[in-house]
Each structure stands twice: as structure tokens, then as C-alpha cells.
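S.K.: The lines below spell out each chain.
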Amino acid sequence: MHFEANDDLLKGKQRAQSLKVGMKEKVVQLYDRHFSGEDISGGSDSFWNEFFLLRANVRYLQAHFERCAWDELACQKPAIRRLFGHCTAPLQNHPAMGQDAIRQANALQTLASLIRGAFSCPPTAVAAAEAAAVVGGGGVSVNVGDVDEQQMDSQRPNHPNLDLLMPPNDAESIMQDLLHRLACCLSDDVVQLPIKALAINLLVTMATACDLQYNPMLSYLVSSRVFDCCLQLFASTELRREFGDSVCTLLAIMLQAHRHNMVNPCLVKLAVLDDNLVLNGFSYVLSLSLAQYNELYRRKVREPKGLFYSLSNMVGHILVGEEKQLERIEVQDALLLALFEALHVNRSFIATLTYSHTPSAGHQLVVAEQSGPASSVPEPTNLLVVFLEYCSIIMQDTREQSMFNSCKLCFFILTAISEDEYANSLMHDLNMNFRVNLHRLQTRHRAPTLGVDLESAPLACALLDLLVEFCHSHLMRTLPAELYQSALLILHRLLCYQKRTEIRLHYNWHHLWSALFTSARYALSCYQKQPVGTAEPQFLRSLLSLVSSVCLLLNFFVTYGDTFLPTCEVYDLLFYELIRMKSLFEDASQLSLSIISSDPDHPLREAAMQLDRSLVNIRSIIQHFSPRIDEWAEAQGQRSLTQDQVLSVVRSNYESLTLRLYSQLDCFTSFRESIPNENAYFRQLTRKIVTSVRKDAFDASQQLQAKLKDLSSL
Amino acid sequence: MMVEPPDAAAAAAATASAHSTPASVFAIGAPDDDAAVSADTDSDLVVDDADDKRPDFTLYTSNSPEAELHGTALLRLLESDVLDVHMALHWLYYNRSAEVHSIIVRRLCDFPRPSVDFYLPQLVNMYVNCTHLSNVLRQYFEYRCSRSVQFSINLAWLLDAYSARASSTGGGNGGAGGSSASASGGSGVGSSGGRHSRPCHQHALHLRDRILTEQLAPPPLQRQSTQSASATPPPPSQSPQPSISAATTTTAMSALPPSGARHKRCASDAVNALPAHHHQQQQQLQTDTAGRGVVLNRTTSQLPPTEPHLQQQRLHDASASKFRRCRTTAGDLNSGRAFYNGCECPAARNLGIACHCGSPRLQPQLEFVKSLLRLSCRLRQYAAREARTRHLHGELALLNFNLPARVWLPVHGSGHYIVRIPHTAAAVLNSKDKAPYLIYVETVSCDDPRSAEVIIGRGAFVPKSCLLMLQPTPELANNDNNDDDDSSEHGCGVGGEAGGGGSLCSDVSATVLRIVPDDSTSGSDDGEEKQLTIICLIFTKYSAGATAAAPSGAVRRFNADADEFSLASSDGADGATAASAAALASAANAKPFSPADVRRRLSNCTGYAFDSGLSGGSTAANLAGGFRGLSHHQQLWDRDDPSLGVLREPIADKRTRIRDSSPFGFLPSWELRAAIVKTGDDLRQELLAYQVLRLLKWIWELERVPLWLRPLTVTVVGDRAGLIEPVLDTNSLHQIKRLQRAQQQSSLLAYFEQEFGPQNSEAFLEAQKNFVQSTAAYCIVCYLLQVKDRHNGNILLDSRGHMIHIDFGFMLATSPGRNLGFESSHFKLTNEYVDVMGGYQADMYKYFKILILRGMLAARKHFDKIITLVDISSAGSDLPCFSKGSAATLKALKDRFHLSCTELQLQRLMDSMVESSLHSISTKLYDSFQYLTNGIE
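Same order as they appear, the protein sequences are chains A and B.
Going letter by letter, the first sequence gives residues 1 to 714 in full-length UniProt numbering.
Going letter by letter, the second sequence gives residues 1 to 937 in full-length UniProt numbering.
If you're looking for bench data, these hints aren't it; they were derived computationally from the structure.
Just so you know, even glycine gets a beta-carbon here, dropped at the ideal spot from N, CA and C.
Any given hint might turn out to be false.
In silico negatives: residues of chain B with every beta carbon more than 10 Å from chain A [to be verified]:
| hint | residue |
| --- | --- |
| 1 | Thr131 |
| 2 | Glu386 |
| 3 | Ala387 |
| 4 | Arg390 |
| 5 | Phe593 |
| 6 | Val598 |
| 7 | Arg601 |
| 8 | Arg655 |
| 9 | Pro668 |
| 10 | Ser747 |
| 11 | Ala842 |
| 12 | Ala892 |
| 13 | His919 |
In silico SDA-like pairs for lysine to any residue, Cα to Cα no more than 25 Å straight-line [as the list claims (entries may be wrong)]:
| hint | chain 1 | residue 1 | chain 2 | residue 2 |
| --- | --- | --- | --- | --- |
| 14 | B | Lys591 | A | Leu661 |
| 15 | B | Lys434 | A | Arg435 |
| 16 | B | Lys591 | A | Arg435 |
| 17 | B | Lys591 | A | Gln623 |
| 18 | A | Lys695 | A | Leu239 |
| 19 | B | Lys591 | A | Glu502 |
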């Protein structure tokens, strides 16, 4: 940030100076002459060859486009198109050595700048209409908010911004040619790393040139070979270390293209990918980035927390509002999205979740300063472990919308994982134990625990812990019922798997029940606290369905406890807890009855009936045991009973109890089914990603430029 | 140093036994258990047809005068049919005549190779330590090396092992030097630099290096053509013209020396020929590249004339990069081709022809074993066993990416190649400072791994059982409806998912993709079923409107009740709650159930509970149950000892489980094999014990004594590393006792009853018989070899009741605890064992004693073979078992055969030994000592 600001300042100074002195960099002079319509080549054939030996001035080009209004740009259209065309020429020399490499580097930079520039300027409505009319594909109003999905296709060739760069009639072939060259550039071993970096940056620029739905280049990108080449990069240790993150981002964006209205060839390619090396590399890149995030977070938590520190921090926070933003480590939504798509679409990817990434695989946390008590040997870890820790960090703060969205995505990923048979079998494999460092939010009554006496257990235990932690820590006024609901869904899937395979986890189920009770109770109290008239029914409904989901899960324990609970004592304990939570269920029952009986058109009637139905068994358990316990207490002449005493009563009174069997308790809707419902969410998420990536791409491009300067010759 | 040749009686005995056993009978390579070793077809290569004649060893015969021979009788013996491998070894070692040596070595070539290979450690030891035999043995080694890859590799490892230790101690290199040598993989490439070897071992290291640098490889055939054809990637438009490559072939072939000259490798020639040969290779390489240049020039000139320079350069670079890649991938696990030697022969393309392109023959296997050993070294950096296990799994997964490859697991012969390593099945074994580990590998059998048709293609590694196979929806729905009625009893299987997939499938425009492996890559012509046709993906074109109408999977799957449908889809707005809605929907018409039943089932499932001590005393200790109702795999999982769980799973179960989950499981010759990889230990002594056990087993088979032994194959890789064959399906007595303590039982007999049934049942009797036969056999072994450190962790029981002893780290002259004589009894025999046999009065106990006697008598009859074996091994050896001086050790060993006793005397002797062992106080003391110090019960 600072660096950039400084540079801007510097740039401004330079520009001022240069204007003053009338001295401009040669390439800048050429740009100016070119954009003013002059033929700078002077008829010389070799001019353009030499032109690209000059260092491209990314900043100047960017400034140029920002300076110009749309109409001005429209005037410069032929010049821009010509420059664009010449830029593609050096890319044909392949592989690039020596001078060619310099030409290529500059051409790639120029291309990126042109694309960024051309798309940075919003076209006027007239221009848009004109551009559309050139090919005669029916007037598409591009900058109107929502584009009709059917018209997306026809919109392809005649985007006004794209029109600036290339003649619409040749757009197809130009783009295909360009993408082909870029793909070659990525896949060829001989091409040097800086060139590859530039090529990837150009691709990212193209993919994020504008909002995903309106990006005309994306459809070319998606149907080109680029996607395969990007994937292949993961197979090489060196390349994935170098470009892993940016390639992941690129892939995530490409996968989101046309998500909802047509088949995305990238999705198909990703789905059928079965090259272990690539998949492993992919998972490795993801886990490396997430692990880096975790490491940064851990370091942040470890920072001294004295009174003075917090005071100064507070002051600093007030003074510099942005400081906090900087301090917060960027959440990598793009990576999460890539992970989600990979998991969601590719079945083989699941297996890489638990592949240990050992140091010998070149897996080293490259956190800049290796400070702190560096453990001698980094423990091998895997994507799922890292991801669970990452989730625990993300979950800590869901108040902001962006964090909420990230958290939601995390839950999606967890759902996809928990739904998969193979992933489940990995998570429940008793032979594979892991210590997962789950972070807990510091609260008043609880210090943050960090990696102290972690017990190593199958991953399913860690996931359960994570869910329990989530349930306990998000009891806030605006209860994120949606997230709670997905947490319960994940839980349900895990239980279903355990029931099906009869795996008995060494887990302290007691914790889980108490989390369930707490969330249900809080949801109820939330409901009751809502002002009567004003609360929106959607929220109220979600609260009710949350309670009924909890009840269903408890029913699951009661009904199928024999298949996955470790001992019958645990089963007894469940009844004990249920009876102990008598008031909670009575409240819930009363609430549902009051809604049902109040008004036949009550908006929540449906939800209330659902709740009522889910309570049937629990109610009868309570009704069955409570009087007997009271009786027993009376007979013993004791007012308060110990847990053991209650348990003994419970044990002796099972026989006369009959419950109802909910026949579909162990079934769930496939998560894949519900994805289309989330289109809006994904669109929003992608938009945010694209915006931030676009900025990053520009920064990256400038940094690369600086790096190229350092290299005297490529 | 030299022991006198045995007396005439021994020689006579040797001849007698030789008469009774024609050489062909001695098929050590073909024991009942491992067909793998017998299938050890020695991987003869294509060259064999051309020049399978023996090397010319006649040089010495002409040099040495006739008079030097001991007599024509010996000559006749050596030339006759009665000469078997044992006698050959005997005379080779004890006779000092050069002529005899050369005759014997010549005869060695005639013997079946497995039987000679049995004595390979002895041959190597002689080669290393007996200078007068080096020359003649080297010729034999060279002869064999040029024919067999497996032999070359084994020989290189053994040479490394037998010369390295001696030299490192001789040169004053401490333990650090040794461990660093083992860290470098033990295969010794490049490790010779740091060693100061004594001159007498120089020749061994030299030979090893020659083997490893492929100087003993058979001459490459047609190398040029294949290389030039392969090194040039066909340009996109056309392939290089055949005429051109043919031309380069002929020019290159002319550079080769006349092939006959090189096969006739006589002593003087061999030394000189090597550098020359090397030089030739280089020359070939040069001509090779030159030839390639020609090809390139020609082909490029025919390309469209756009920028010819660039085109040429590009091609050149492309080929260069390809070349480079081939060079660098070997051993690089991240490349996915770590065990690929760059061979471009038809073999590489799965045509079933052995490689003949001159690419490194040994490299893949060497790299494979090296990476296994490296892994073991790396495991040591972690203290915690979990971290070790995790690391192990991770690295094996990485290794997996490089498979299938033409590599094999050394302890199982070479009749197979490895297709996959189920990495999660591997386990780290208990050891604090060393980190031995157990791996299972999936193999496919073949005649010669080097020419095997390796399945190329990385199949999906999600188990087939977990892949959802798509089926048309209606059937699915029907099935599920049937299931549904008793869904509380058995789960819905993958139904939940499949249902989801199914309904997806039926959606507007579903595309189901199938991947069929390309015929050209996995070109198996016998029409093997291509079960790699897994695919599973559907892409559905969702339109915005379709979502509302799309039925939710759960509803579709379970039934089509209209009410439920509406309920589910009304809530479908936030599909999250759909599941609960569907689940609730039928609550109204639900069947009743009783929680009492649920609880009863639960208590039945979790029959007995481990005591908390076993489950690590964790917070979850009270929840830790012993799970009888579960699969074996989970049943005995123990926090303290994860390897226990891995080892306890019956191999048959494991086999099916892994086969089901493997993408290669469908192959007909699929097999699961296991090996223990160990570094930091000298396994040569184990190897010696293995050899003695094999000899005894063979002797008893020959003499029809029903004694049962289970020799464990050992592969020595260098001096501080190796692979051991694990005994599958066994529990150590320690584990058994631990388990029994958890169940409040305390005797071996109770364990037998629990495992095999009541005492008069057939299974019990069978197990008892096995127990008696194996115990008697191991008693003899323990007595003869004075095997010590017999705590219960070193004694195993297999699933049929056999007792198996492992770990021969202390034998002959050494015992733990500075030889203070902790274990003074002759062998370990406790009252518990006798109880299993049925008590002191039982017939089985008497049978046991008879077996011991018969076994001793049989062993005594062939004692010379054992003595010879041990004697040769002791020559110049620094093994701990010879630490008290080889002559004394040998004499003591010989005395234990009690050659002078009559049969009756021997019987009395053995009986008294059994009695004294039973009542030995030291056995009990040692057991309790082990319990107190190491926790071994």
C-alpha cells in the first residue's frame, strides 16, 4: 500500500518534471505519437521489432486510458487496435531467447495494459449500441444492470470495450490466436519464468477485465487450451511454487464463468482430470496458501497483549481506520472458490485432501521471517487439516458481510466434503490421526487456546469440534441461522456416514449435545425477543427450522444410537441430558402450538408444524421419564438426585417407552442439488473476487515491471 | 585363518548325502510358501539366445600344471553329476588349487541359478575376503551380471554390505561414517568417495561401482535406431524419414566393435576392456547426438520455410528439454517418472519385449529401493509416532504417483512389478531411534518386470466402491423404495448420494462422460477388461426457472408422495432445510420403535471394553470400547501402538479390502505383498540366520521330519539397511498377553481355545499340532544357533497356531547384556507351551520330544552343510555373532551337533535339555526383566 502510494507520488513528480523539461521517455513519446494517430513506424518494417525492445511503460499507459473519456478513446480506436495487433507479433517467436524474450515481455505487458485500459473506461450508451450494431446481433444494452441470460451468447462478439481493441469481425480469430500463444507459453518448458509470470498476469487481467458476466474475453478464455495448461503447471514443483496462487485464482474465475447459463468446458475438464500429480499439486498449492494464512494468524495472535498495547491499539484504531484493514490478513476467497469447485466437481480430488504434504515434496512454509520458536522439523500436514484450522479462523468473526460470505463458502466446502463417501472414509480412518489446531475466539471467560495438549484423533473428530465451537460462539443478536443450518447439515451428514458404516468414534458426544441444546435455546430466546410486528418472517422461520433441525439430530441419536455410539452408557447419558433440558423442549413445544393454534394463515404455520412434529419423540421421552424420576426421588426421600441416580432410573424404565420412527432421518438432500439456489451468492462472491483480483493484477504487473528492470537481460 | 578341510568322515558324509540328493532336488528356491522366489526366472534378457554359452574359464586350466591337482578322484568328483551346490561351495572354499576353483566356478554356471543364488552372500564374502578367489569369482559375477538385472542389483548391495563395514572400520571411520553411508541410500552410488577402504576391499567396491555404472550390462542392440527415433519428437507435421534414421543406424553400428570380441571376456581382457568400453559408450553417445543432428536438419528443411533458423532451434530445444527431462526425473519423486530410466524401447510401449536400448537397466529398481530407504531415514527426524506415520503416508503417496513402474519388491523375488502402494495401510513399527516401517504393495505378476506390460495411466485413486456409478433413475428409485421399509435396519448405502446424482442425471440436459483408456497407451491385446472406465460426471444445464421445478433429491429418492413433495419444494428456497423437511414429512405415519431395543443392540455391539490402560488413559478412555461387531480393521485399534492394529488385521481381509479399493484390483494377477524396510541395522546376520533356517527346513523336508520353520527372506541393501519379509497374520506373544490381560485371561491355552475352539475340536487339534511342530523346530534352531534375546516380543504365533521366532540379532556367540548369561537355558520352553501341548503326560508333549530328537538327528546328518555355510560367512567377518573368534564359535557350533553321541545318548541329552529348559529360572527372570525394562509382557 505504502509502496504504491509512494510510487504514485514519485510518478507524479516525474511526470511533472518531464513535462517541465519537456523530456519524456522514448517509449512514452512513441505512445503519444501513436495514439495521436501518427504512423510511428515511418514505413520501416523492422520498426515494431525494435519498438518492443523498449521497456513498456505500464503506468503511463494506464494513466493515458484513465485520462481519456470514452469519446476520446473511440477516436483513438484505430491506433489502439493497431498497437494491439502488433503486440501479438512477438509472441509468435517461440521459444523466446535473448532479445525475443525482451520483446515478448514488453509485448505481454503492453497487452495487459491495453486490455486493462480499454475496459477501465465505461462506454457511453450510444457507443454500446453502435458497437452492438456493427455485427448486427440485436441491440444489447450492456451497462444495464441485469443482462438477460439468453442474450449472453449473442453479446459475445460485440462488446464495446473489446471493440476498442480489435475489429469485431476478427475478434474470434485474434483472441483464439492470442490465447493459443499464451497457452504455448505456459506449457513450454523452455520459456523462462518471468515470461510465464507475465503471461499468467495477462491471463488474469483478461479474466478480470470487467465483471464476470459482461466479460467478452472470458468465453474465449474458457474454451481455449489455457485451462489445461494452467492445470499442468501444478504438476511441476518449481512452477507451482512460483505461480500457484495466481493460477488458482485464474482457475477459480474461469470456473465461475457462465456458471449458470451454459456448460462451462473448464468444469468438464476439471471434472475428468485424473492426473494424480496435477491434482496433488493443486491440493498442495491450496494447502500451502491456507497454511500461510494460518501461520500469519497464529503470529498475530501471539503478539504481546498488554494493557498498553491494547490502549495504543485502540488509539491507533481510532486514528487510522484503515490500519485495521491492513492488519487483517486477506482472506483468499478465490482459493476457497477453487477448492470448492475442485471438491465439488472432481471426485478424485477428494483423495488429495488427506495426502500429507511432506517437506520432501518441496512443501515449505515460506513465511518471510522464520521467527518464534521454530520447531526443528515441520510436521507433515495435509489440506484438510489446514483447511479445518483455516475455517476455525474464518469463523471467529462473521459480523462483516465479506467474512460472512467467506464463512459460508467454508461451510459449503465442508458440506461437500462431509457428503462424500470417500472423504468420509478418510476422515473416519482410525489409522490416520491428526492434531488439528482449532482456534477459539477469545472471550471474556475464555482465553484463546493455542495448540496446547492437542489430542491426535481422526479428522472427523476435529470437524465435530469445529462445529461445536461454531455453535457455541455465534450466539449473537442476529443469529446467523443460515450458517447454523449448514453446520447442522454437515453434522447430519457425518452422523449418517457413521451410522451407515457403523463407525464408533472416540468422541465426547456430550460436547456436541450441549452445543445443540445451546443453539436451540438461543434460537428460541431470539425468537421470543423479536418485536412482534416488525420482525421479518424469513428470519423467524429460519429460527424455527433451526430448532427443529436440532430436534431431528437428537432424534437421530435416539433412533440410531446403536450404530455409532461407543457404549450404552453414552446412550443413557443422552436420555439424561434430554430430560435435563426439559424446559427447553417444553418452551419449543408451547411456541409451536401457539403458532399453530393462533391463526390458520400465520406465515410461520408451516415451520411451526414442522417443529411440532420433530418434537414428538423428545416430548414423549420427557413425559415418560420425568414422572418416574420424581416418583423415585419421592420414594427415596431425596430432593435432588445425582446423575448416577437419574441414570439408573432411566436404565430401568426403557422397556415401557415407545417412540416413533422417523423414516427419513438418515437421508439428506444432495448438496449438489442446492447449489443452483445459491447462484446469487456465487455471483456476488465472484464479483468481489474479480474486483480485488483486478487490482492485484495491476499491482502484480507493476511489480513484474520493476523486476524486469532489475534483470538486465532476460 | 583357514580351517583345515574337514576330515575324511565328513567328506564321505558329504559325498553320501550328495549321492542321496541329486543336485536338482536341492531347489531351495522353491519352498512351499513363496512361489515368488521360485518364479525367480532370473530375468534373462533377449541376449541370452545369442550367447548363452558359458564364459571361457579355461584360462587357468591351461596355466596350471596337472600335477597340482589333489588327485584325479577330486577332479572326477568335480566333473561328475553328484557335485551339488553345497559340495561346490565346500571345495571352493577349502581347496586352494586354482584349477579346482576354476572348475568349480565353471560348474556353478551349470547349477540352477536359484540354488547358487542361495549362496550368494557366501560367494560375495569369499570374493571380498579371500583374495585368491577374487579373480575367478569376479568372472562368474560378471557373467551373471550381464544376464540378470536382479542378480546385478543383489550383488551390488551385497558387495556394498560386505566390503563397506570392514573398510569403514579399517579406515577409522566411526559410526557416523556408517550412518551417513546408509543415509546415502545404501546402494552405494557415490558413497565410495568418503570411504578409506583397505586395499583388499578396493576390488569389491570397484566391482560394485562397475555394476552400478552399468559397465557389465549386455551390449546394447539397435540402440542407435531406437534412440534417434525416440529422441526426435516427431514434428507436428511429419515424422523423420525412415531412410535417414536407418542411415544413422548403420553409421553408428559401424562404430561398435565387433560384438564377438566383447563377449569373450578373459581375465586380462576384462580389466583393460572396461575403460575402453566406457570410451566406446561415450563415442556412441557422440555419434548418437551427431546422428540426431542430421535427422533434425533433414526434417526441418522439409518444414514450411517460415523462419528456418527458428524452427530448427525450436526443435533442437524441444528435444534437448526432453532429453534433459529424461535424465533428471530418475529418483525425483515429484516428477511422476522417478522409476523410469528413459528407456524408449518397445518395452516402454508395452509390447512385451525386453529393453535393449542401453538405457540404465538397474536404475529404476535402485532408485525405488533407495527412495524407500531414504524415507526410513527421514522418519527418524520425528519423535512422535503419529508424525512419523503421517510422514510415511505422505511420502508413500508421493511415491505412488510414480507407479506403476517396472520395479519389484526385493524380498519377494522379481516375478512381479509394483502397481501401487496403498499408503494408508503402511505402518511405522515400534522403535525409538530407528524407524523401521511396514509397507504393503500391490503387485502384478509377470515373468520379467523389465519387459512387463506396465499399465500406464494414472487411474482415479478414489476407490471404485466410493465412486458413484450412475444409473437411470427409475430403477434406483424402485430399489430405494424397497429398501426404505427396513431402513432402520440397514443403512441406505451410498443411496443418499446416488439418489442425488440420479436426479441430477435426469435433469434437463445431462452429459455423462466416460473415459476409456486409450488403447495405444495401455495396449494390452488380450482384451483385458478396461475397468478404468470410471466416470461419473454430469453437467446439468440449470436454467433459472428449472430450479424451482426440480424435485429435491431426497424426495425423488424416497417416495413420490405428493404432500411431501410440495412440502419440500416449498421450503426449497433455501435448500438447506429441505432435508429436514423431507425427514419430518413422514413422521406422521411413522412406525413405533423402542429405545430399549436400540440400547440392547448397542450393548451387544460393544461387548467387552478394554481397560483404560490400553486405550491410553485419555479422556475418552471410558468411551473406548472393544468393538466386536465391527470389522477387524477397526476392532483393535490402539492409541499406543497403531502398528498393532495394522498387523492384526487378517491378511485375507486386508487383501480384499485393499483390492476393492484399488484401481488395479481388477487385474487377474493382482497380489498384495508386504515388506519391512529397515535402516540403521546391519541385516547380514539376519541373512545368515535365514540361510541356516532355509538349510534346516530343506534338510527336514529331505529327511521327512515333520518340523515346521518359517525362514523370513532378507534383502541386504548396503551395510546398514535392508528389507525384511514380514510374517503376516501373526501376533507376538507380547501382544497376545496384553490382549488377554485386557480380557482378564492369562494363559496361552486360553488364547488357543479362544482362537481355535474347545480342546477337542478339530481346529484346536490342528493348531496344536502346528504349534508342536513349529515349537520343536525353533527349539532346535535356538539350540544350534544359540539364539538369544528370546523375549515374548520376538516370538510370534500365526493364525494357524505356528510359533515363529524372529530377530536373530543375538546368536552363536553373543547375547544381550554383555553376554552375562541371562538366558542360560538351551532354548525357550515354558510351562505355558507345554500346557498348550496338553500337559506333561499328553501324547503331544511326547510327540514334541520325539520331533526334537528326529530333527536333531536329521540336522546332524547334514551338519557339514551348516558348518560350511557358517564357516564361509565367518571368514574375515565382523559380524557380532563371530565376535568371540570365528574358530571358537565354529567349534562350539559343531559340538552342539553332538556328532559322537549315539542315538540313545542324544535322546537322553535332548530330554534333559527339554527338562532343564522348562525349569530354567533364567527364562522367567529374563521375561520379567523385559517386562520391567521394556514393558514387554
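S.K.: Each hint: holds or not?
M.R.: Hints, one by one, checked against the model:
no.	hint	in the structure
1	Thr131	42 Å, holds
2	Glu386	5 Å, violated
3	Ala387	5 Å, violated
4	Arg390	5 Å, violated
5	Phe593	5 Å, violated
6	Val598	5 Å, violated
7	Arg601	4 Å, violated
8	Arg655	16 Å, holds
9	Pro668	23 Å, holds
10	Ser747	28 Å, holds
11	Ala842	42 Å, holds
12	Ala892	46 Å, holds
13	His919	44 Å, holds
14	Lys591(B) x Leu661(A)	5 Å, holds
15	Lys434(B) x Arg435(A)	23 Å, holds
16	Lys591(B) x Arg435(A)	42 Å, violated
17	Lys591(B) x Gln623(A)	19 Å, holds
18	Lys695(A) x Leu239(A)	23 Å, holds
19	Lys591(B) x Glu502(A)	23 Å, holds
Checked against the numbered hints above, the structure violates hints 2, 3, 4, 5, 6, 7 and 16; every other hint is satisfied.
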